[in-house]
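Number of protein chains: 2
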Amino acid sequence: MITTAEILKNARAAKPYIATLSTEKKNSAIMTMADCLVEATNEILDANRLDIEAARGTVSDVMIDRLALSEDRIKGMADGMKQVASLPDPVGRVLASHTRFDGLLIEKTAVPMGVVAIIYESRPNVTSDAAVLAFKSGNVCVLRGGKEAFRTSFAVVTALRKGLEKEGLPKELISIVEDTTRASANELMTAVGFVDLLIPRGGKGLITACTENAKVPCIETGTGICTIYVDKDADLEKAVNIIENAKTSRPSVCNACETCLVDREVAAEFLPMLYDRLCVSRGEKGVAPVELRLCAEAGEIIEGVAAADADFDTEFLDYILAVKVVDGVKEAVSHIAAHSTGHSESIITENSSAASYFTAAVDSAAVYVNASTRFTDGGEFGLGCEMGISTQKLHARGPMGLDELTTYKYIVRGNGQIR
Amino acid sequence: MITTAEILKNARAAKPYIATLSTEKKNSAIMTMADCLVEATNEILDANRLDIEAARGTVSDVMIDRLALSEDRIKGMADGMKQVASLPDPVGRVLASHTRFDGLLIEKTAVPMGVVAIIYESRPNVTSDAAVLAFKSGNVCVLRGGKEAFRTSFAVVTALRKGLEKEGLPKELISIVEDTTRASANELMTAVGFVDLLIPRGGKGLITACTENAKVPCIETGTGICTIYVDKDADLEKAVNIIENAKTSRPSVCNACETCLVDREVAAEFLPMLYDRLCVSRGEKGVAPVELRLCAEAGEIIEGVAAADADFDTEFLDYILAVKVVDGVKEAVSHIAAHSTGHSESIITENSSAASYFTAAVDSAAVYVNASTRFTDGGEFGLGCEMGISTQKLHARGPMGLDELTTYKYIVRGNGQIR
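These protein sequence lines are chains G and Y, in that order.
To convert, count from 1 in the first sequence and add 384; that's the numbering used here.
To convert, count from 1 in the second sequence and add 384; that's the numbering used here.
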């Protein structure tokens, strides 16, 4: 077994190698790695069976489902890699250029971060996704997956490394940490001088551990207490459609809606519509109804569970929606400032000044007018891919694509200029 | 005396106010603040005299000089502010725009960070510089200057706040921390939820304290162990001119050269030229000669002090230059990777492949070919101003102008789109 320290040392040494690879070479290597992944289907499925056997009984069925691969899923992972090959290379872009009066040419040029470490949980497809995004953006990657999926992820990395080898590239460009205890996560968080960027992908516990303990640059991703505010000037039919979509189309993801705020002026009209759509109609259709957790005022209008204070600070990731009546857009913005995780919020209104106020005053990564929060996603935003969704303001905010995995340097060319 | 906690609470509350100010209003307020600064010249000079009296004897003459204001210096500070009014507003820029097939319009829009805290040392002009840059970029600023300059900085902030008041703006947009003990610096570093960006401006001790203790987003600025490498294919006359400029034009600043690496192939020819220019000629002209700290090999060619290992890891900020003979551009790059602070490095060569290799492989904020490292500066780079020079890779790298004091959010406008 290779230690995490050795992996990091090798990764750092490989940085100059990948930073100077041509776009063509990187794309060719991605195609070869994707082919090797498919060729390794049997080995990966064998490893996956062992992971699933070991996990069964200790984790939920949902987790088992996330963990399970199939021939089709592996093919899907390879196709995803090939799509990344077709995206523009983010490295070498000249972001700004300035020629001085004395002829000095200053070019702000996109360059890789260096070593990107990704700590994630048990979905093995993240292994190939993260590796290919790091690779395309010229970064060496060090992956640290959840222990439940270790055998599978290791088999995936082995296949990718075979692809690197076929292309004559050093295998150290993509590594997986073999120690799956908490110690290795801490080692990555504190590997100053070795890790240029740490990206935790996972639940609140992981993100909090990283932001509290990380000594290396870190980008928080993921948790979303997304809010939809129904303004007094909302088209209420639109509102109910959008909330149903944002709450129920995929409740386990970070861009799902968790809180609905309703302007007092339309509460008596709107809340029964909401109740009817989310609770009654869904029940009749045989799909999961939504449990409404209601503030006192909403509870006087429709049926539901009385909301506790904590319900407005909870990412339910389930068919549960917290509902609160507010006194207009200003109170909605204040509520969001106090309770949101800065991910995605939406206002439903036909009033352009309410919309402008909301988009200006809400300090979140994505702020919507009359649309579902579920669109906050690299693919939906046209980035072509996604490494995660940043909920911080420094460097990257919202969906992180290839560009967000680069930094820049100023390359300055002269002919003897002095100051 | 207002506590730091109260200042932070007020600052956070003022965020939505400044984020939505028009460019015209911000520029008008900057002009008024600059006028109020000049009008307060007597009060500021009185405060400055008290600071200087208190500091005399406890700090060096250089520090006293940095601390001292005059009528002209105050006028200069006001002029600097007015220049910032003339720069483009970084807020509201649409950085990217994407209209989806379903009509959803996604705009990546530059927005202020929120509350920017700046911890700096004793130059009182930083007070007005930092305040105006934060203000123009739509940020509330919390300043925490060095205790030697507190009375002066407080008088400067009082003048700026008078300007805000005249413009009908809340004075909380610009605050100065009144507690000048280490406790207040720690308070800013750990003010999660209150400080959106912390910028330490100062020496190594301050920067290290921030990177080790900060729980809020922080951008490291400043320290520079800048290196110039003289390649075997260098124009040696150009090399000696550039090194003299980079070392001696202003040795106390972070973009001054601290280390010279010389390719072994030209060492015997180049080092005597360097010695002659930096030591002999300067001595004859009556300007400060440079003390050369030489590796063993260089010491066999020219006279100088034998370099200790630590000399290659020291920001001298003085007329001292560490000199080392290396085996070509690859060893130069390795030396820089091991010893540089990631600020600015330069290669002197007429060989384009050596230049390309150097600019690609050196992982610093600014990488030069045939020019002095002294150009790494917001003004020189055409940014119009500078909040500091970032030596980190996340968010901002190199000189930080107004754009680097903003983040972005995605503003998404729809008409009922669901996913």
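Hints are computed from structural coordinates only; laboratory data are not their basis.
Any given hint could be a false lead.
It does not matter which identical chain is used: a pair holds within one copy or between any two.
With a straight-line Cα cutoff of 25 Å, these simulated SDA-like cross-link-like pairs (lysine to any residue) come out [to be verified]:
| no. | residue 1 | residue 2 |
| --- | --- | --- |
| 1 | Lys714 | Leu405 |
| 2 | Lys669 | Asp430 |
| 3 | Lys622 | Ile802 |
| 4 | Lys409 | Glu668 |
| 5 | Lys393 | His723 |
None of the values given here were measured: they were computed from a predicted structure.
Now the hints, each set against the structure:
When the C-alpha separation of Lys714 and Leu405 is checked against a cutoff of 25 Å, the pair qualifies only between copies, where the shortest distance is 17 Å, while the shortest distance within a copy is 51 Å. Proximity of Lys669 to Asp430 under the C-alpha cut-off of 25 Å is found in neither arrangement, the shortest distances being 40 Å within a copy and 79 Å between copies. In this assembly of identical chains, Lys622 and Ile802 lie within 25 Å of each other by CA distance solely across copies; the values are 10 Å between and 63 Å within a copy. Taking the shortest alpha-carbon separations for Lys409 and Glu668, neither the intra-copy value of 56 Å nor the inter-copy value of 56 Å comes in at or below 25 Å.
In the homo-oligomer, the alpha carbons of Lys393 and His723 lie at most 25 Å apart only across protomers (17 Å), although the nearest pairing inside one protomer, at 41 Å, exceeds that limit.
Checked against the numbered hints given earlier, this structure breaks hints 2 and 4; the rest are met.
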